[in-house]
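Asks: Please take these sequences and the hints and turn them into a complete structure.
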Amino acid sequence: MISYLTAQAIDVTALAARITAPERGAVVTFSGLVRNHHAGREVVGLEYSAYDTMAEHVCAAIVGSAESRWKCRVAVQHRLGRLAVGDVAVAVAVGAGHRDAAFEAARWVIDEIKRHVPIWKREEYTDGTSGWVDPTAPQGMIAASS
Amino acid sequence: MISYLTAQAIDVTALAARITAPERGAVVTFSGLVRNHHAGREVVGLEYSAYDTMAEHVCAAIVGSAESRWKCRVAVQHRLGRLAVGDVAVAVAVGAGHRDAAFEAARWVIDEIKRHVPIWKREEYTDGTSGWVDPTAPQGMIAASS
Amino acid sequence: MTLHRVRLFARYAELFGAEQVEVTLPPGSRVGDLISALRVLPGGASLPGDPFVAVNMSQASAGTSLSPHDEIALLPPLAGG
Amino acid sequence: MTLHRVRLFARYAELFGAEQVEVTLPPGSRVGDLISALRVLPGGASLPGDPFVAVNMSQASAGTSLSPHDEIALLPPLAGG
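Residue numbers (my numbering), protein chains in the order written: chain W, 1 to 146; chain G, 147 to 292; chain C, 293 to 373; chain Y, 374 to 454.
Check each hint, because a few of them may be wrong.
To be verified - With a cut-off of at most 25 Å between alpha-carbon atoms, the simulated DMTMM-like pairs for lysine to aspartate or glutamate come out as follows:
(1) K217(G) with E250(G)
(2) K114(W) with D325(C)
(3) K260(G) with E56(W)
(4) K114(W) with D100(W)
(5) K260(G) with D52(W)
(6) K260(G) with E213(G)
I should point out that these hints are in silico values taken from the structure, not numbers from a laboratory.
Replies: Written as structure tokens, this is what we have:
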């Protein structure tokens, strides 16, 4: 049973190794890193939390769909807990026979993860405040956190 | 002066590290590996050769175009010499502010490399024969090599 | 009447000051009824018009029926990736 | 007359049995003239109809003019990546 969520630093190389094989000549990886700015504010770090069981379930469904649609192998990891600027927050690796499939599947998987996996992010700013990120809000932000 | 051609094993992680920075939250890598089959034949290895000076020049132009078009950083390496099945033949790494740019630039760069960089590939098969690969030919093959 | 436990996450856990709240509803109630009941709890007035509810780890709509042992969760806007 | 050195790679180096050949052309000759001259060398008959010629590391067409010190190369179909 693979876990898609991890409290440890994500090793993109190890993730890619999982889906690499001699019959798959194209490997695409995507890594999402914690940026030092968001919505015009300077970010010092952030904290991810999740509805763990549902998040695992949704990740498994996304991976399964991509593997059957593009005849490829997919590996995914999403980090939880406190992260610093530059840390890998999420990584996707796809191995396929050809690059069309590898690029399309990787792009689709990260888009689906962002749309459907129940994970939340609280950003911490250089001024000492923090806020919950809401990608659906005009400024990408709901409200200051308690 | 960066060299885009290398006779050494390509380290995709090191390549990605070159283009990673706190303001670039999206990193996409593409690795092209030597597959164990091509055009219905079993491949045991291959040899890449290049018109070195022109290849370096064309790679630099592709990287420069992508960096300015997508406001990103791009790193590229292409292996030369003898390779075994599973070896990384070419790798592209793109770091950008967002994933749209990172995916598009990575895809464009590998397509341009395949179209314009003067590199040639002789495949060796399990039956002891070898042949020059011609992607423009119907079976992807010109003729047996001498 | 049926007691439903509702799991809360992230900003909603802060709004309600708890990781779980309990709501009692008549049998045959739907997700829309549950949301109405949540709105009158302390903190519930700040919920958006159409909050994301998951029932048994799948996205539900206002018309989704609730059964006594369903796993119900109220999810703030997702921000993974 | 001008002596032009033409670099050969991969399968073309095998065809001509050399990594470089020399061709003498009248001043003002173009890439098309060079290709015609290459076709009559030993091995040159197997060249495709419109081979890829690079002049000073840029793709040239049949009409590209040749100067005495140009770096000229005859390139088989590319197969990098």
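Asks: None of the hints should be skipped; say for each whether it holds.
Replies: Verification of the supplied hints:
| no. | hint | in the structure |
| --- | --- | --- |
| 1 | K217(G) with E250(G) | holds (11 Å) |
| 2 | K114(W) with D325(C) | violated (29 Å) |
| 3 | K260(G) with E56(W) | violated (38 Å) |
| 4 | K114(W) with D100(W) | holds (22 Å) |
| 5 | K260(G) with D52(W) | violated (42 Å) |
| 6 | K260(G) with E213(G) | holds (18 Å) |
In summary, the numbered hints that this structure violates are 2, 3, 5.
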